[in-house]
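Here the protein sequences come in this chain order: A and B. Everything in the first sequence is counted per my numbering, starting at 1 for the first residue and increasing by one. Everything in the second sequence is counted per my numbering, starting at 1 for the first residue and increasing by one.
It is possible that part of the hints are untrue.
Under the rule of at most 20 Å between Cα atoms (straight-line distance), these lysine to any residue pairs were calculated in the SDA-like manner [unchecked claim]: (1) A:11 x B:310; (2) A:109 x B:129; (3) B:176 x A:127; (4) A:5 x B:155; (5) A:5 x B:176; (6) B:155 x B:205; (7) A:5 x B:251; (8) B:308 x A:103; (9) A:5 x B:242; (10) A:158 x A:303; (11) B:308 x A:6; (12) A:109 x B:242; (13) A:5 x B:236; (14) B:308 x A:118; (15) A:5 x B:240; (16) A:11 x B:238; (17) B:293 x B:281; (18) A:109 x B:321; (19) B:176 x B:253; (20) B:129 x A:116; (21) A:5 x B:245; (22) A:321 x A:158; (23) A:103 x A:344; (24) B:308 x A:45; (25) B:176 x A:271; (26) B:308 x A:8; (27) B:123 x B:104; (28) A:339 x A:310; (29) B:176 x A:122; (30) B:176 x A:118.
So these bits of chain B aren't anywhere near chain A, every CB distance computed over 10 Å [what the hints assert, rightly or not]: (31) 9; (32) 157; (33) 239.
These are calculated hints, taken from the structure and not from any lab test. Just so it is clear, CB atoms sit at the ideal spot from N, CA and C, and this is done for glycine as well.
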Amino acid sequence: MKYIKEFRDGKLAQKLALAIRQEADPDRHYHLMEFCGGHTHAIFRYGVQDLVPQNVEYVHGPGCPVCVLPVRRLDDAIELALKSNVILTTYGDMMRVPGTKQKSLIRAKAEGADIRMVYSTQDALRIARENPQRQVVFFAIGFETTTPPTAVAILQAKAEGLKNFSVFCNHVLTPPAIAHIVNAPAEPGEQPVKIDGFLGPSHVSSVIGWAPYQPAARDFRKPVVIAGFEPLDVMQSTLMLIRQINEGRHEVENQYTRVVTKEGNRKAQRLVDDVLELRRTFEWRGLGYVPDSALKIREAYVDFDAEERFALSPKESREVKSCECPAILRGVKKPTECKLFGTVCTPDNPMGACMVSSEGACAAYWTYGRKREAMAAAKGAAA
Amino acid sequence: MTHGGGGRAMSVLIEDLFHRHLKNTILDQGHDAAVLEVPPGRLVMSTDAHVISPLFFPGGDIGSLSVHGTLNDVAMAGARPVSLTASFILEEGFPLADLERIVISMARAAREAGVPVVSGDTKVVEKGKGDGVFITTTGVGVLPEGVSISPAAAKPGQAVLLSGTIGDHGVAILSKRENLTFETEIQSDSAALHGLVGSMVDAVPGISVLRDPTRGGLATALNEIAHASKVGVMLDEGEIPVRPDVEGACELLGLDPLYVANEGKLICICDASDADRLLEIMKAHPLGQNAAKIGEIVEDADCMVVMKTGFGGSRVVDWLSGEQLPRIC
Numbered sequence: 001m002k003y004i005k006e007f008r009d010g011k012l013a014q015k016l017a018l019a020i021r022q023e024a025d026p027d028r029h030y031h032l033m034e035f036c037g038g039h040t041h042a043i044f045r046y047g048v049q050d051l052v053p054q055n056v057e058y059v060h061g062p063g064c065p066v067c068v069l070p071v072r073r074l075d076d077a078i079e080l081a082l083k084s085n086v087i088l089t090t091y092g093d094m095m096r097v098p099g100t101k102q103k104s105l106i107r108a109k110a111e112g113a114d115i116r117m118v119y120s121t122q123d124a125l126r127i128a129r130e131n132p133q134r135q136v137v138f139f140a141i142g143f144e145t146t147t148p149p150t151a152v153a154i155l156q157a158k159a160e161g162l163k164n165f166s167v168f169c170n171h172v173l174t175p176p177a178i179a180h181i182v183n184a185p186a187e188p189g190e191q192p193v194k195i196d197g198f199l200g201p202s203h204v205s206s207v208i209g210w211a212p213y214q215p216a217a218r219d220f221r222k223p224v225v226i227a228g229f230e231p232l233d234v235m236q237s238t239l240m241l242i243r244q245i246n247e248g249r250h251e252v253e254n255q256y257t258r259v260v261t262k263e264g265n266r267k268a269q270r271l272v273d274d275v276l277e278l279r280r281t282f283e284w285r286g287l288g289y290v291p292d293s294a295l296k297i298r299e300a301y302v303d304f305d306a307e308e309r310f311a312l313s314p315k316e317s318r319e320v321k322s323c324e325c326p327a328i329l330r331g332v333k334k335p336t337e338c339k340l341f342g343t344v345c346t347p348d349n350p351m352g353a354c355m356v357s358s359e360g361a362c363a364a365y366w367t368y369g370r371k372r373e374a375m376a377a378a379k380g381a382a383a
Numbered sequence: 001m002t003h004g005g006g007g008r009a010m011s012v013l014i015e016d017l018f019h020r021h022l023k024n025t026i027l028d029q030g031h032d033a034a035v036l037e038v039p040p041g042r043l044v045m046s047t048d049a050h051v052i053s054p055l056f057f058p059g060g061d062i063g064s065l066s067v068h069g070t071l072n073d074v075a076m077a078g079a080r081p082v083s084l085t086a087s088f089i090l091e092e093g094f095p096l097a098d099l100e101r102i103v104i105s106m107a108r109a110a111r112e113a114g115v116p117v118v119s120g121d122t123k124v125v126e127k128g129k130g131d132g133v134f135i136t137t138t139g140v141g142v143l144p145e146g147v148s149i150s151p152a153a154a155k156p157g158q159a160v161l162l163s164g165t166i167g168d169h170g171v172a173i174l175s176k177r178e179n180l181t182f183e184t185e186i187q188s189d190s191a192a193l194h195g196l197v198g199s200m201v202d203a204v205p206g207i208s209v210l211r212d213p214t215r216g217g218l219a220t221a222l223n224e225i226a227h228a229s230k231v232g233v234m235l236d237e238g239e240i241p242v243r244p245d246v247e248g249a250c251e252l253l254g255l256d257p258l259y260v261a262n263e264g265k266l267i268c269i270c271d272a273s274d275a276d277r278l279l280e281i282m283k284a285h286p287l288g289q290n291a292a293k294i295g296e297i298v299e300d301a302d303c304m305v306v307m308k309t310g311f312g313g314s315r316v317v318d319w320l321s322g323e324q325l326p327r328i329c
């Protein structure tokens with residue numbers, strides 16, 4: 001396919017690998033956090049880590065919208081679907097994420113809750129139009145990429161006078177999360193996360209532009225390269241980060257120039273700003289409460305706010321004991337350092353969101369990494 | 001509900017709809033059971049329930065699919081199908097015009113395949129207790145002497161052949177189910193494969209494994225074969241045929257064509273020395289024109305399917321957990 005294979009060209013990859021080997025200083029270790037799960041999967045799926053030297057290490061970050069949603073919010077969605085007799089609509093990735101006591105939306109569906117997977121907010125609106133006698137809630141999650149369609153759905157619902165449509169808003173923002181990861185003190189018993197630079201979000205940046213990462217890069221002296229999701233994008237961005245680190249620079253650079261501009265998509269930003277506003281604080285799985293890191297529905301559109309329309313009861317939410325998803329999302333542990341990984345916790349029986357989501361680090365390790373580890377172990381035994 | 005009550009309305013439905021379109025000498029006898037003349041050989045039998053949404057899709061519908069799906073299951077044992085039975089579960093209120101369209105399509109598929117529907121059954125369930133129509137078909141076939149095909153028969157060193165492009169059926173269904181429109185309409189590959197299998201088995205009776213990669217796609221079928229045969233599979237990404245429009249749709253939706261369903265493709269595992277000859281035969285058949293050798297069977301105690309990527313690395317092609325779901329952003 002035009003413009004797909006071009007970004008997966010093995011010969012170009014070899015050239016970039018050579019450039020990275022030549023420029024990476026063998027006497028230093030480069031800790032590069034890929035913020036997005038899309039990067040994590042590209043790295044594993046195409047074997048990018050095989051092509052870079054060992055002292056260039058990818059640290060997996062919190063950039064998976066499914067993974068960072070705290071269990072309490074998921075429990076709320078499950079309760080909404082089970083107790084309020086609503087039609088709950090959601091993106092597919094959320095369906096299998098375990099909440100408290102391993103309950104997921106897919107299990108709630110099996111118990112009789114009306115939960116429907118949608119591909120867009122337009123599908124959720126259609127369901128509302130087709131079921132005027134039922135309340136339809138869109139379970140909105142995601143970073144800045146998926147926020148504009150949520151805003152548009154609310155505007156459309158208002159324009160049409162839809163009385164049975166509302167949004168359970170869980171949209172979160174990337175720049176505060178990046179700042180929080182660098183700035184937050186280490187948890188008790190954990191080593192502080194080591195990060196020398198960031199592979200910055202790509203699809204997110206197509207909406208907000210690359211300028212919003214400048215304060216974090218400047219204040220924390222960490223270079224950020226906005227990186228596309230194709231494997232050649234990841235390799236080129238790696239090279240750009242290594243150059244910045246070697247030269248002592250800490251700027252925001254844009255590798256993903258074919259999509260991302262400094263200002264981003266102004267129209268999308270205006271739409272979001274019209275309908276949504278900053279929450280003073282919001283809980284992220286793994287990061288805890290992060291100030292100014294999420295969005296809620298503005299007062300003018302309160303009729304479409306599911307949190308206002310439905311009374312959700314406070315509950316004792318908790319994650320599976322020993323699940324290391326929070327530490328993995330902070331970049332301080334690798335999936336293989338979790339006691340549950342590959343034993344109790346597999347994609348067929350996930351204990352945490354990182355094993356479920358198509359953008360989760362544990363899912364990437366499990367799906368693509370097992371054979372590599374087995375081969376490495378066999379090589380080690382032979383040696 | 002009257003059409004399922006066993007009275008006059010049901011009799012009219014059966015005579016006016018099913019018998020009229022599916023007409024053949026055995027069905028016309030009106031027995032509850034069909035009496036078949038069976039040629040010498042071992043019998044192969046398979047049954048398959050068909051539930052699909054939407055019922056009508058580009059390149060087919062539940063009627064033709066219910067014929068093709070079961071004939072292919074019989075054919076994947078290397079057998080020549082001889083007859084089919086069909087059971088319909090209809091939801092009350094399902095439009096008769098749609099049912100007739102489905103039965104006509106089923107009759108055409110059976111006629112083109114040369115395999116009659118010789119017996120059947122109809123039940124009607126209350127509104128809300130079905131999904132329009134469910135069709136279960138059972139196929140009977142005869143296995144020629146000297147043919148022994150089994151998913152557990154793959155051996156290291158053998159070649160893995162594929163009869164054509166992957167993912168066409170799944171993307172065609174998805175494009176209608178989710179109202180996703182693409183510039184070109186992607187047609188399902190739904191087809192009966194026993195003709196193709198017949199010419200392959202005639203030429204190389206020693207084929208080890210045949211499998212149609214339906215739900216779960218090529219990746220799931222190969223994982224099943226690897227585990228049944230206790231071997232590994234090494235695929236070559238560059239050799240796996242994928243239509244550009246299917247590849248584009250999958251990219252857009254964040255799906256991997258390796259896991260997308262097919263209804264008119266087969267995997268063949270054979271000795272490496274037979275691979276070129278079989279490929280020639282496959283390419284000469286209309287349903288195998290894009291056939292390719294996509295990999296080989298290797299020794300692997302972990303029974304993994306691994307793929308050499310065009311990027312120069314390798315990746316595991318794992319089982320799918322649950323359904324393949326599109327990514328969020």
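Now for the hints, and whether the structure bears them out:
no.: 1; hint: A:11 x B:310; in the structure: holds, 9 Å
no.: 2; hint: A:109 x B:129; in the structure: holds, 17 Å
no.: 3; hint: B:176 x A:127; in the structure: holds, 16 Å
no.: 4; hint: A:5 x B:155; in the structure: violated, 33 Å
no.: 5; hint: A:5 x B:176; in the structure: violated, 27 Å
no.: 6; hint: B:155 x B:205; in the structure: holds, 16 Å
no.: 7; hint: A:5 x B:251; in the structure: holds, 11 Å
no.: 8; hint: B:308 x A:103; in the structure: violated, 38 Å
no.: 9; hint: A:5 x B:242; in the structure: holds, 13 Å
no.: 10; hint: A:158 x A:303; in the structure: holds, 9 Å
no.: 11; hint: B:308 x A:6; in the structure: holds, 17 Å
no.: 12; hint: A:109 x B:242; in the structure: violated, 34 Å
no.: 13; hint: A:5 x B:236; in the structure: holds, 15 Å
no.: 14; hint: B:308 x A:118; in the structure: violated, 34 Å
no.: 15; hint: A:5 x B:240; in the structure: holds, 14 Å
no.: 16; hint: A:11 x B:238; in the structure: holds, 14 Å
no.: 17; hint: B:293 x B:281; in the structure: holds, 13 Å
no.: 18; hint: A:109 x B:321; in the structure: holds, 18 Å
no.: 19; hint: B:176 x B:253; in the structure: holds, 14 Å
no.: 20; hint: B:129 x A:116; in the structure: holds, 18 Å
no.: 21; hint: A:5 x B:245; in the structure: holds, 14 Å
no.: 22; hint: A:321 x A:158; in the structure: violated, 43 Å
no.: 23; hint: A:103 x A:344; in the structure: holds, 16 Å
no.: 24; hint: B:308 x A:45; in the structure: holds, 11 Å
no.: 25; hint: B:176 x A:271; in the structure: violated, 30 Å
no.: 26; hint: B:308 x A:8; in the structure: holds, 13 Å
no.: 27; hint: B:123 x B:104; in the structure: holds, 19 Å
no.: 28; hint: A:339 x A:310; in the structure: violated, 38 Å
no.: 29; hint: B:176 x A:122; in the structure: holds, 15 Å
no.: 30; hint: B:176 x A:118; in the structure: holds, 14 Å
no.: 31; hint: 9; in the structure: holds, 31 Å
no.: 32; hint: 157; in the structure: holds, 20 Å
no.: 33; hint: 239; in the structure: holds, 14 Å
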